[in-house]
Structure formats: structure tokens, C-alpha cells
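The listed protein sequences derive, respectively, from chains A and B.
Position one of the first sequence corresponds to residue 1 (our numbering), numbered consecutively onward.
Position one of the second sequence corresponds to residue 1 (our numbering), numbered consecutively onward.
Calculated from the structure, these hints are not laboratory results.
Incorrect hints may have been included.
Here are some, though not all, of the chain B residues that point toward chain A, as calculated from beta-carbon distances under 10 Å [as the list claims (entries may be wrong)]:
(1) GLU331
(2) GLY335
(3) PRO339
(4) ALA340
(5) GLN403
(6) ASN430
(7) PHE432
(8) GLU436
For each residue, glycine too, the CB sits at the ideal point set by N, CA and C.
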Amino acid sequence: MATKVVMEALSPTMEEGRLVEWKKQEGEAVKQGEVLAEVETDKAVMDLVARADGTMLKQVIAAGATVPVGDLVAVIGAEGEDVSALTGGGGGRQAEGKAEPAKAPPAKADQQAVQPTAGTQNRPSSMPPAPPAEAASEAAPPKPGYGGQQAAAGATQAPAAQQAQQAQPHGDGGRVKASPLARKIAAERGLDLSGVQGSGPAGRIVQRDLDNIQARPAAAAARTAAPSPVPAFQPQFQGEPFKDVPLSQMRKTIAKRLGQSIGPVPTFYLTIEVDMERVAEAREAVNAVASASGQGKVSFNDIVIKATALALKQHPACNAWWQDDHIRYWNEVHVSMAVAIEDGLITPVIRHADQKSLRQISAESKDLAERARARRLAPEEFTGGTFSISNLGMLDIEEFTAIINPPEAAILAIGRMVEKPVVVDGVIDSRRRMRVTMSCDHRVIDGATGAQFLKTLKTMLENPLALVW
Amino acid sequence: MANSFDVIVLGGGPAGYVCAIRAAQLGLSTAVVERDKLGGVCVNIGCIPTKALLHSAYAINLLKHDAKDLGIEIGEVKTDYNAAMKRSRRVSEQNSKGVGFLMKKHKVQVIAGTGVLQAGRKVKVGNDVYEAKKAVVIATGSRVKGIPQIGLEINKTTVISSDEALFLEQAPKSIAIIGAGAVGCEFADVFNAFGSKVTLIEALPRILPLEDAESSDVIVKSYKKRGIDVMAGVKVTKADVAKDKVTLTLETGGKSQTVEAEKVLMAAGRAVNTENMGFKEAGVELTDRGFVKVNPQTLETTAKGVYCIGDVAGPPMLAHKGSREGTYVAELIAGHHPPAIKYDNVPSITYCHPEVASIGLTEDQCKEKKLDYQVGRFPFSANGRARASNETDGFVKIIRGKQYGEILGAHIVASHASEMIHELAVARENEFTVEEVDLAIHGHPTLSEAIAEAALDSMGRVMHI
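Bound conformation, chain A alone:
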């Protein structure tokens, strides 16, 4: 099946791109991940890469042309395929790629699913992305006269006022009634007014209605400073711990519209079934060695933590915090694991889980879980996670959805391993299978982004050698 190549948003603020040079000519074979063209964004010249294998069937625009993000620029498909039909719509752009290229910058991975795929695969059914035309019109800057005045309004006033103004018109015609003061306070404190009950005339939101509304968890600042609880461990990664990316107009629109629809954290769910047969075998082998040398056993959960951390390293778009006016993409991977305690639960954090061995993770998770149950965790030991895992498999739950732990953008819900008949290579076989459901904050993670992460996770668990590779 042919695949459309569209102008991708290669920078967070990119709204249009100029195609500088075609690197693949019509008729040339292309492989997924190969550079198709050079594109000049608002910031730099970047590569537009293939998202599918095939032949470059048609270059829709010529070199030098500038088109808006989302516009068709080329078609890849099987040799001799009819291309003209594709330009009229239909056909998924993103083939079910088996691995997301690790070099893809996070912003790029983010933007993918927002493009007009008109296709079927990978898009979460819960909330279709905004069509680009609407997104573009909503993202348009404020009217020049008003905006101009605002810009002159002094440094402290202008940003708040502009944000407040952006919150005013909703494309769907529904208007949040709020006083100008309430809008400014909301903009300043990062509050979403759409869910607030107004007590003013005709339900207008006024200042007092915001008194008890909390912004995002204030722990965020404290979290970043949390030191590693494992003294012996020295993280190898010495660069910036995270990267803050300002919200693109499209991201803002997605955040706003989805938030209106479903609540402060617009969540969708992706479920994947993983074959755990080889993990189980590997675990048995590892534990045989461990018990022979008098060491503790490795649990399935430890393996899931390790695999998740490694998959996150490949998909930084899922290893992120929603920060109201920007997204923080973490370069470090700190996995929060939900631990049930007597009257609730707590999420101790395995820091730098991607860099730790299974043995380290195992020892650490045991220690953290025990101390969590004894209520002896220090605050820095249960804050600062970049991604959460909740496992109810030991309680025989096959599949469930977990609630996102803000500001993290996603959480994995791990079900129990079930032995069931599956068709493997045409033969019915009894395999141990595990269902994993990922809850994603749609403001940060789009359907395809989450799906690609899950795909990587699945691949890793099904090929446990990848964990040490």
C-alpha cells in the first residue's frame, strides 16, 4: 500500500517548511528512516525521513517550494502503484514500522500523529487529532491591533494577557465565561478554566471561583532536585537531565481541545499483548544462577522496569512531563513503581533505571517496596519519576487502566501472565502472555507515539537479549 509523505513539523514551532532539496528521486527505492529531502524549518535545515519502505513514486512539490505542515509532499509505495488516487485521500502515511529510529528528536515524534493521516492505524479512537486547518486557524496570532497594544503593555503584563486571550475563543463555538481578572489569574497560574464552575452572573467564572483550584502539582520543583537514593550508583549520562520544549501552536491547540473534552489530563489508553515466554525462560535461567550464587531472585516486574526504561530511552517523547506551558522531555529515565501499602499506594522511584542492571533494579525495587510498606521512604525516594508502572498481575488482574501521575505523561498498567493458546508460525501453541495498557496524556503523547513506544517495549520483552544488548 502506498504511503503519503507529508511536510512534518520538524521543530516545535514550525508551521511551514521549505523543501530545499530532494534526496530521493522518483523511482528510487527508499527504506524507512532514509532521508527523503532537506527541509528548511523556522529554525534550521533538517531531514525529512521516510516512514515506510518502498519506491519514491511521486514528488508532489518541487524543490524550493514552501508548504504548510501536514501538506502532501510525496508518495512512497510499491513500484507501479497508482498514485493519482492517493492524492484524493485514503491510505495511511505511517506504515507499521517495527522500530522508531532512536535519532528522531522528541518534538518530531510528537507531531507525527497530528498530521492528516486519514488512515486507520495507530490513531487512538478516543480522541481524533484536530484537523490541521482548524488547528492552524486557532493557532493564528491575536488580532494585530490588540496584540500590538498588548505587546506594549509592559513585560509583566503582556504574556499573561496574550495567554488569557488565547483562552477566549474556542473553535467549537462554546465559550468559557470568565471575568478578565479570572482569565489573567488562570493564565498566570496555569489553570484550565473549562472545567471550573462559575459563581458569577450566568455562571461566569470570577476570581473567587479560582481560590481553591490547584495548578499542576507543586512538587515538580522539588522533584528535579531529588538526588539518587542509590549511593553506589553513578549515572553515566552527564548531559542535561532534561530538555524543555516550548509548546507549538499545534500542541497548545491539542492540549486545549482535548482538555476541554475529557478533563485536566486528557487520557487515552493503548493496550498491547506481549508474549512472555522467552522472558519467563530467561528469568528462570537468571534466577538459577542467582540462587546458586546466593543472590536474590529477579521478578517479572524488575524485567518490565528495565525493558520500559530502555524503551523510554528510545522514545523520549513518552518520557516527559506536562508543564502547562511547555513539555519537559527527560533525558534521564526515572521509573516510578506503584507499591500498594496499607491505606493507599506510593510510587518509589528507580532512578536511572535504563542504566542499571537487572540485579541492581531487583535489589533496589525490593528495598524500596519493603521500606514503602514500612513507611520509611524519604520524600526524594518517591518523587521525581519520569514514567510510572503499576503492576496488578500478582493479584490476578489480567488487564486494567492506571491513572496518570502528573506531571508524568504516561503510566503502564501491567496485567498478570496468562497461559493461553496462540498461533505461532501457523501452529497453535500454549504461550504465557501478558497484557500491558498504557495510559497516555494526550497533551504530550499522541496515539502513534505511544503505540511506537509499546511496540518497542513488546519487542524487547519478546527478545529479552535486547535488554542487555
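Put chain B on the given structure of chain A with help from the hints.
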């Protein structure tokens, strides 16, 4: 006459009669009990007649001081307090009759006499007992008071209150006014215009003590220029009341002095009317300060089904605050859910010349509350309309919350400040910030442009200075 109503209101002043109209509008059968004239103090011996006299005073000052400059030749200006007083009475009577007409129009029964509250929502007037099926509303108001402790009991000849001042047949040669709030300042303005030698005495450190300090300063300057003796931070320790004059002993900073005047006008505070109307017997309790105790959310007193509004329900003792409470309580009684009264958004106005009007916090209050604020000012000396009218005294001052731009307080001293303050009342009621105030296009040339300029100034963008 029916003896049973849904609502019986005690007192036909601006709180009571407004409450009655609103109750009637909402379909409740309503009666007002009034022992004197409809309209209460406000219409008869307060707000309205003083405004009539102040208008005379304004005209006198205009003709005396500005006529020639304005191109009017009139020779000597003679004044006649008696004539002005009589006009003020006509205005009051018209207004009181107007209230009577409104009562008829809305089918509110007016019961003449003093109502005495009885248990079980009953009101006795003379020998008749009326029953309120839903509620009784106390709106009995307040009255002037003297300071008998220092010999200043109101004797209605040499020691008078506004009640008497409004009926004088001629302006006294000299008058000492004790209390420089709105009432004291307004009478100082009036008697000065009619030729009296006026001494204005205030115990607190400045006149108009509830207003912003900058507003007080402008009035002091203006009064001194007109020959009014303004004495603030002065305590009256003794008063010798003779037949035709009063000698006051004043103390300030340990120093003592005396002031002699033909009359002393008591303008320091008011007493609420809570006596001899059966309040205690009906279970209506009072606060330590003597006001009727009410639930602040419902204005219901400690007696079930008995509400209280206006001066007698507590400060600020202002007609417009009482009227709002009247509307609010009527709607509550009718089973509606009126929006809460914003007691922090009640405009305060003094009708002296220039007028002083304000809403919200003064700058001193912002300081006390440790608010992060920014002041914007605009003087009328830089306003075209004010210059054209020879009325350049005063300013607009807007106190803006630094973080969000909300209007913490606004203060206007201007020839028409009383009419201008409502722009800011509407802004505050709707939570507009200084930006919306500026964005609203202001007509040119108007005094109100100074409001937009003060809003701009609070953001550091003032244009015309």
C-alpha cells in the same frame, strides 16, 4: 385594610422602600411602616436636601469667583440661605412624594405610625397588629447624635445637627463643625459659600479620614483657599454653651486653644434606631456596637423570619448600601438566590467642591495589607475638559494589583467625581482589570478620560502627561 402581608418593612427610607418595591415586584404582598415621611433621612433630611444646598453653594462660588473670567458681568453677588433652604425643601418634598407614588404603583401598603415588633413576625402600629406571613424587615435607620459627655448635647439652637442646619432661615455668622467626614465637609462647603466663618474640626489626623490621604489633601487645600479654617487631629475637650454662642476648647499636641462660634454643628457619627420598637422582646439581638446582629449571608436577625437592612444593620451607613440590601433581602424572601452583596465594592462619595469619590481600598490600606500594587495617577490640570470648565482641582488615582492588574482601589477628586466613580464600580463588579478600563474607548473631551489615563499610568504608559 388587610392586617396580613407576606412582608412587612419597618421604615420607608432608601433601604426599606426599595426592599418593599422589590418584594412587590416578586409578587409578595408588602407593607411599609413609616412614622415620618417616606424616603427617610436620605430624602428628607439627608442626601437630597444637602445636594440642593450644595448646588446653591456651587453656583455662588462660580458667580463670585469665576463670573468675570467666564464673561459674565453681575456686580455684587448676594446670597440668601433662606431661599436656598426653601428650594431644598421643595426638592425633598418632591422626592418624598415620588416615593409615595412608587408605593402606590407597586401596590405597597403604607402604614403610618411607629411599628413595634412582636414575637412571631407581628408588628404593632398604634392599636393595630399586622402579621407578616413570610418576613419582617427592619429598616429603621439612624439619626444624628451629639457628644453630651463634653457638653455638646444637641439643643437645636446653638448646638445643632444636620436636621436643624437644613432648616435654618439664615446662614450663621460663624459655625464650628465637629466631624469632617462627608456630612461635615459638605456643610462646611455650603456655609462657607453663604458667608459663614467656618471652622472644620476633625479628631482624626486628617479630614475625610476614610478617603485616600491624597484626596484629603486636595480638599484641605481647596478649603483653605476659600477661607475655611480646617483643623485636623484636634480634640474638643470642653464646650461652653451660651445663649447665642458656643466656646469650644480644643486640644492638639498638648496645646490648648479656644474657638468661638455662633453655632456648633455636630457631624461626628450617627446613632442607630433600635430603641422602643420591641426588638429585644421579639428576640432581635444587637451587636456590641449597637447595630442589629445579622447573619452576613442572609441578613436575617437572631429572630427567625426577621431581617435587617440599611444603617441599623451595620456600616457603611450609606443609602445605596441599604438599597442594595433591600433588594437582596426581598429576593431572598421570595425564594430567589441573589448574588452576594460585595461590601468591598460600595462607592463612597462626598459632594463638596471638588467632589471626592472612591471605591475599594485606599493606598494606606493596600500598604497595611502588604499588597503588591502599582499606583496610577492623572491630574485634572492635564485634562482638556477640566481646563475648559475651570475645574482643574483634583485627580484620578487607580491602585492596580501588580500581578494581575485588578483594580484594588480607585479615588477621584473632581468637579463631577460622584458621576465618574461608577465606571470603576462597574469595572470592579465585573472584575475588569486596568487593561479593560483603558481598552474601553473614552469619549473626548471628557473628565472620564482621566480614568483611562490613570489606568494607563498604573501600567507605566500614561499618555498625556
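Going through the hints against the structure:
1. With its C-beta approaching chain A no nearer than about 14 Å, GLU331 of chain B sits outside the 10 Å limit, and its interface hint is violated.
2. With a least beta-carbon distance of about 19 Å to chain A, the hint placing GLY335 of chain B at the interface is violated under the 10 Å criterion.
3. The criterion of a C-beta within 10 Å of any C-beta in chain A is met by PRO339 of chain B, whose closest approach is roughly 7 Å, and the hint holds.
4. Checking ALA340 of chain B against chain A: minimum C-beta separation of about 9 Å stays under 10 Å; hint holds.
5. Given hint, GLN403 of chain B at the interface with chain A, holds; its Cβ is 7 Å from that chain's nearest Cβ, closer than 10 Å.
6. For ASN430 of chain B, the shortest C-beta to C-beta distance to chain A is roughly 6 Å, which falls under 10 Å, so the interface hint holds.
7. For PHE432 of chain B, the interface hint holds, the least distance from its beta-carbon to any beta-carbon of chain A being 5 Å, beneath 10 Å.
8. Among the interface hints, the one on GLU436 of chain B holds; its C-beta lies about 5 Å from the nearest C-beta in chain A, closer than the 10 Å criterion.
In terms of the numbered hints stated before, the structure departs from hints 1 and 2, listed from lowest to highest.
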